[in-house]
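Q: Protein chains in written order, with UniProt numbering: chain A, 1 to 106; chain B, 1 to 410.
I should point out that these hints are in silico values taken from the structure, not numbers from a laboratory.
Some clues are possibly wrong.
Here are a few chain A residues that face chain B, going by a calculated C-beta distance under 7 Å [unchecked claim]:
no.	residue
1	Asp30
2	Ser45
3	Met71
4	Val98
Over the 12 Å line for every Cβ pair with chain A, so calculated as not near, a few chain B residues [to be verified]:
no.	residue
5	Ile34
6	Ala69
7	Val284
8	Val389
Here are the simulated SDA-like pairs of lysine to any residue, each with C-alpha atoms no more than 25 Å apart in a straight line [stated by the list, open to error]:
no.	chain 1	residue 1	chain 2	residue 2
9	B	Lys73	B	Lys51
10	A	Lys89	B	Leu74
11	B	Lys73	A	Asn11
12	B	Lys73	A	Val16
13	B	Lys73	A	Leu61
14	B	Lys51	A	Glu68
15	A	Lys89	B	Ser67
16	B	Lys404	A	Glu73
17	B	Lys125	B	Asn169
18	B	Lys314	A	Pro102
19	B	Lys51	B	Arg388
20	A	Lys89	A	Leu61
Please read all numbers here as calculations on a predicted model, not as lab measurements.
For each residue, glycine too, the CB sits at the ideal point set by N, CA and C.
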Amino acid sequence: MAKVIFIESSNAEHCVEAEPGRTLMQIAVDNMVPGIYGECGGACSCATCHVYVDPEWQARLPARSSDEAFMLEGAQEPNEHSRLCCQVKMYEELDGLVLRIPLSQG
Amino acid sequence: MSSAREIAVIVGAGHAGAEVVAALRQNAYAGRIILIGDEAELPYRRPPLSKNYLSGEASRESLLIRSAAAYDKLEVECWIGTQVLAIDRVKKNILLSDGRIQAYTKLVLATGGRPRKLPDPAADKSNVHYIRTLADIDRLQSGFAKGKHLLVIGGGYIGLEAASVGIKNGLQVTVLEAAPRVLARVAAPEISAFYERAHRTRGVDVRTGISVQAFHGEQQVEAVQLSDGSELQVDLVIVGIGIVPNDELARSAGLEVNNGIVVDTFARTRDSDILAVGDCANHVNGFLTRLIRIESVPSAQEQGRTAAHSICGKDIPHVAVPWFWSDQFDLKLQMVGLSQGYDRLVLRGDLASESFSAFYLRNGIVLSVDAVNRPQDFMVAKRMVAERVQVDPQALADESISLKSLLPAA
Chain A
1 MAKVIFIESS
11 NAEHCVEAEP
21 GRTLMQIAVD
31 NMVPGIYGEC
41 GGACSCATCH
51 VYVDPEWQAR
61 LPARSSDEAF
71 MLEGAQEPNE
81 HSRLCCQVKM
91 YEELDGLVLR
101 IPLSQG
Chain B
1 MSSAREIAVI
11 VGAGHAGAEV
21 VAALRQNAYA
31 GRIILIGDEA
41 ELPYRRPPLS
51 KNYLSGEASR
61 ESLLIRSAAA
71 YDKLEVECWI
81 GTQVLAIDRV
91 KKNILLSDGR
101 IQAYTKLVLA
111 TGGRPRKLPD
121 PAADKSNVHY
131 IRTLADIDRL
141 QSGFAKGKHL
151 LVIGGGYIGL
161 EAASVGIKNG
171 LQVTVLEAAP
181 RVLARVAAPE
191 ISAFYERAHR
201 TRGVDVRTGI
211 SVQAFHGEQQ
221 VEAVQLSDGS
231 ELQVDLVIVG
241 IGIVPNDELA
251 RSAGLEVNNG
261 IVVDTFARTR
271 DSDILAVGDC
281 ANHVNGFLTR
291 LIRIESVPSA
301 QEQGRTAAHS
311 ICGKDIPHVA
321 VPWFWSDQFD
331 LKLQMVGLSQ
341 GYDRLVLRGD
351 LASESFSAFY
361 LRNGIVLSVD
371 AVNRPQDFMV
381 AKRMVAERVQ
391 VDPQALADES
401 ISLKSLLPAA
């Protein structure tokens, strides 16, 4: 199965199986990736699933919605690589995707 | 450090219970973990029940908090469709509905709440519905059809969300609220008025200060008699008048119960081997510095993590700032903090544009914020409330001044 790699701010890596069709947030929660809480369950209301997408992958992800962009604007330490991973669904071609978890999410 | 011989039993497989089991493993709990739920479902997300699951947009599978495989991987035993009948605190075991007795080292009560029912037995009919469980929605969905007249009793979040889905799905919708305004318990009059107007312009017949006097009909409720003397023909009724905490198990076990199971800031009852979290817990919130029972998914999850820490011997007080959200029509409402005791409401943005934030201040300090279609404000608002920021009301209302600039310099 396809894999996604979550990297904590401490550099601890979590390489997890990623079922296509599930959101990256659900995949993180399924796999107990620390720092990805997904409190609102994917309603784009909490920004507790903020990640930085590795630059080489960024173009392959669908664009941010305006809600997501606004939520990120107010998030802690956003940058141009920021995404809410509840808003991105996994698909086969994202096999190997690298996502970094912000320091503020532990 | 926990030993492999320990057994953590979590009673209740909702948001709070699901978080406890995950957080236990994240904190290296080495013992056996048993999650017991009375519904025939693995833990699932309840908020969509009155939103995109009711509308038919979200699938059943998408509601699962974690997949079945994830619990196997976590080595969590999920005993679903099982009720807990009693706790024996002396022998440290529980009695299950199938007659089994299960020992525990630590017991977490995450029993949630149940909808408050209408007292009138005439309302106990097959087309009168409550929204709390997947089974509730499955039962109501067949009647939830285009052209039907839906009567919503209660103008709180559940009722207003159901009304909004009703309109979206082509039903004719009436909302009755006994108080003089909707959301009376939680929002400022200005916000209540905004939501009443928003619902009316989208086709909901919102009536406030009015209640049902009588339910008519044999097998089903066919009409209701209202307190103003008028009568309404109805096809189905959804009741959203609050929830009652499921604290009976704790009460029978002799634990302190008062509007929920009373616990300290570490989620412990006076019996240090029994903890309580989520909607059923009247807990000490360290941020609010008082006992409070909060019906909120994020709060349930935070309390779940607190309980797991306590069980793992890393006491961390629960200090989370409560926050909530509600989706109605195209209105994304995000709320943070509790507004009780505010002395001034400051609006940022225009109510008519349906994109604004309402700041509830006390002595100039931000107590809580309701953000409507303003996710960018909400994220800053969360920090303002958490940090008890004192703001200049004029600056707050002035959209040419960035909200972030009103936060104290880090």
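Q: If a hint holds in the structure, say so; if it doesn't, say that too.
A: Results of checking the hints against the structure:
1. Asp30: At 4 Å from the nearest chain B Cβ, Asp30 (chain A) passes the 7 Å test, so the hint holds.
2. Ser45: 4 Å, holds
3. Met71: At 4 Å from the nearest chain B Cβ, Met71 (chain A) passes the 7 Å test, so the hint holds.
4. Val98: 22 Å, violated
5. Ile34: The claim holds: Ile34 (chain B) sits with its nearest Cβ about 18 Å from chain A, beyond 12 Å.
6. Ala69: Its Cβ does come within 12 Å of chain A, the nearest being 8 Å, so this is violated.
7. Val284: Check passes; 21 Å lies beyond 12 Å.
8. Val389: Non-interface label on Val389 (chain B) holds, nearest chain A Cβ at 14 Å vs cutoff 12 Å.
9. B:Lys73 to B:Lys51: 31 Å, violated
10. A:Lys89 to B:Leu74: Distance ~23 Å between Lys89 (chain A) and Leu74 (chain B) Cα, so the pair holds.
11. B:Lys73 to A:Asn11: With a Cα-Cα distance of about 23 Å, the restraint between Lys73 (chain B) and Asn11 (chain A) holds, given a limit of 25 Å.
12. B:Lys73 to A:Val16: 12 Å, holds
13. B:Lys73 to A:Leu61: Distance of about 29 Å is beyond 25 Å: violated.
14. B:Lys51 to A:Glu68: With Cα atoms ~19 Å apart, Lys51 (chain B) and Glu68 (chain A) stay inside 25 Å; holds.
15. A:Lys89 to B:Ser67: Distance ~16 Å between Lys89 (chain A) and Ser67 (chain B) Cα, so the pair holds.
16. B:Lys404 to A:Glu73: 10 Å, holds
17. B:Lys125 to B:Asn169: 23 Å, holds
18. B:Lys314 to A:Pro102: Between Lys314 (chain B) and Pro102 (chain A) the Cα gap is close to 24 Å, so the pair holds against 25 Å.
19. B:Lys51 to B:Arg388: 32 Å, violated
20. A:Lys89 to A:Leu61: It holds: about 9 Å lies between the C-alpha atoms, which stays within 25 Å.
Of the hints listed earlier, those the structure fails to meet are numbers 4, 6, 9, 13 and 19, in rising order.
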